[in-house]
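Novice: Please construct the entire structure, taking both the sequences and the accompanying hints into account.
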Amino acid sequence: MKSFRVLVLFIVILIALAVVRFWLRRTTAGAATPAECIANYYESLKSGDIEKYLHCLGGTYREEGRRFFAAVCRDVKDLKGVVQQAGQAANGSPLWVDVEEVRTAGIRRLRYHLCQDGGSWVIVAIDPPRETSAPVPYGTPVGDEP
Numbered sequence: 156m157k158s159f160r161v162l163v164l165f166i167v168i169l170i171a172l173a174v175v176r177f178w179l180r181r182t183t184a185g186a187a188t189p190a191e192c193i194a195n196y197y198e199s200l201k202s203g204d205i206e207k208y209l210h211c212l213g214g215t216y217r218e219e220g221r222r223f224f225a226a227v228c229r230d231v232k233d234l235k236g237v238v239q240q241a242g243q244a245a246n247g248s249p250l251w252v253d254v255e256e257v258r259t260a261g262i263r264r265l266r267y268h269l270c271q272d273g274g275s276w277v278i279v280a281i282d283p284p285r286e287t288s289a290p291v292p293y294g295t296p297v298g299d300e301p
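Position in the sequence shown (from 1) plus 155 gives the number in the numbering used here.
Don't read these hints as lab results, they were simulated from the structure.
Ideal Cβ positions, reconstructed from N, Cα and C, are used throughout, including at glycine.
Hints should not be assumed to be uniformly reliable.
Stated by the list, open to error - Below 20 Å or equal to it, Euclidean Cα-Cα: the simulated SDA-like pairs (lysine to any residue) are: (1) K207 x A260; (2) K235 x G203; (3) K235 x E218; (4) K232 x R176; (5) K201 x G261; (6) K235 x E255; (7) K232 x R258; (8) K201 x V175; (9) K207 x A187; (10) K235 x A187; (11) K201 x A225; (12) K207 x H268; (13) K232 x E218; (14) K207 x E286; (15) K207 x R258; (16) K201 x A260.
Unchecked claim - Derived DEER-like restraints, expressed as beta-carbon distance ranges: (17) V161 x A241: 15 to 25 Å; (18) L172 x P296: 47 to 57 Å; (19) V174 x E300: 48 to 58 Å; (20) E206 x D230: 13 to 23 Å; (21) E198 x L162: 35 to 45 Å; (22) L162 x K201: 42 to 52 Å.
Specialist: Laid out in structure tokens, this is it:
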């Protein structure tokens, strides 16, 4: 009787491990659209989820991703908002997305180049950022704007 209980416990543990593994694989699946890819990228940086971050990257970016993850996470600490605008389409699929990062010091514009990799969208290149000052500094009370 005791060996039967141990066997049942072992089977229950195996099933639980299989469910957890399936669930984790499902939650780190790739992005169906370029906008979802960019959103996942920023979510992963804010939450510190390196696996989700690496799933957003393709090509050489994925290989180098682990090395730069901590620095990129620190870079988004003062991020207040993100605005995306898909670029020109080729064959009905956006190939790049312009992103405006609203920060306390101003606005930073980036262009992300994306492609499909195994049915999901990934970032394959990021153009250097263009910094601009905000017309109204972040945190300015309403009525005190210039």
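Novice: Take the hints in turn and mark each one as holding or not.
Specialist: Verification of the hints:
Taking the CA atoms of K207 and A260, the gap is about 28 Å. The hint is violated against a cut of 20 Å. Among the hinted pairs, K235 with G203 is consistent with the structure: their alpha-carbon atoms are about 17 Å apart, no more than 20 Å. A distance of roughly 28 Å separates the Cα atoms of K235 and E218; the hinted pair therefore is violated under the 20 Å criterion. Between K232 and R176 the alpha-carbon distance is near 31 Å, which puts this suggested pair outside the 20 Å criterion.
Using a Cα cut-off of 20 Å, the hinted pair K201 and G261 holds, with the two alpha carbons roughly 19 Å apart. A distance of roughly 11 Å separates the Cα atoms of K235 and E255; the hinted pair therefore holds under the 20 Å criterion. Proximity of K232 to R258 is assessed by CA-CA distance (about 9 Å); at most 20 Å being required, the pair is judged to hold. A C-alpha spacing of about 23 Å is found between K201 and V175, which places the hinted pair above 20 Å, so the restraint is violated.
Distance restraint check for K207 and A187: the Cα-Cα separation of roughly 14 Å lies within the 20 Å cut-off, and the hinted pair is therefore satisfied. Only pairs whose Cα atoms come within 20 Å are accepted, and K235 paired with A187 is rejected, the gap being roughly 25 Å. Restraint check for K201 and A225: the C-alpha separation of about 11 Å stays at or below 20 Å, so the hint holds. In summary, the hint linking K207 to H268 is supported, as the alpha carbons are separated by about 18 Å, within the 20 Å threshold.
Restraint check: the Cα-Cα separation between K232 and E218 comes to about 24 Å, which exceeds 20 Å; the hinted pair is violated. A distance of roughly 27 Å separates the Cα atoms of K207 and E286; the hinted pair therefore is violated under the 20 Å criterion. For the hint linking K207 to R258, the alpha-carbon distance of about 23 Å lies beyond 20 Å, and the restraint is violated. For the suggested pair K201 and A260, the alpha carbons sit about 18 Å apart, so the restraint of at most 20 Å is met.
Checked against the hint of 15 to 25 Å, the pair V161 and A241 fails, with Cβ atoms roughly 56 Å apart. Separation of L172 from P296 is about 53 Å and conforms to the stated range, judged on CB atoms against 47 to 57 Å. Between V174 and E300 the CB atoms are about 53 Å apart, so this pair conforms to the stated range of 48 to 58 Å. For the pair E206 and D230, the beta carbons lie near 19 Å from each other, so the given range of 13 to 23 Å is met.
Hint check: E198 to L162, Cβ distance near 42 Å, so the stated range 35 to 45 Å holds. Between L162 and K201 the C-beta distance comes to about 44 Å, which sits within the given range of 42 to 52 Å.
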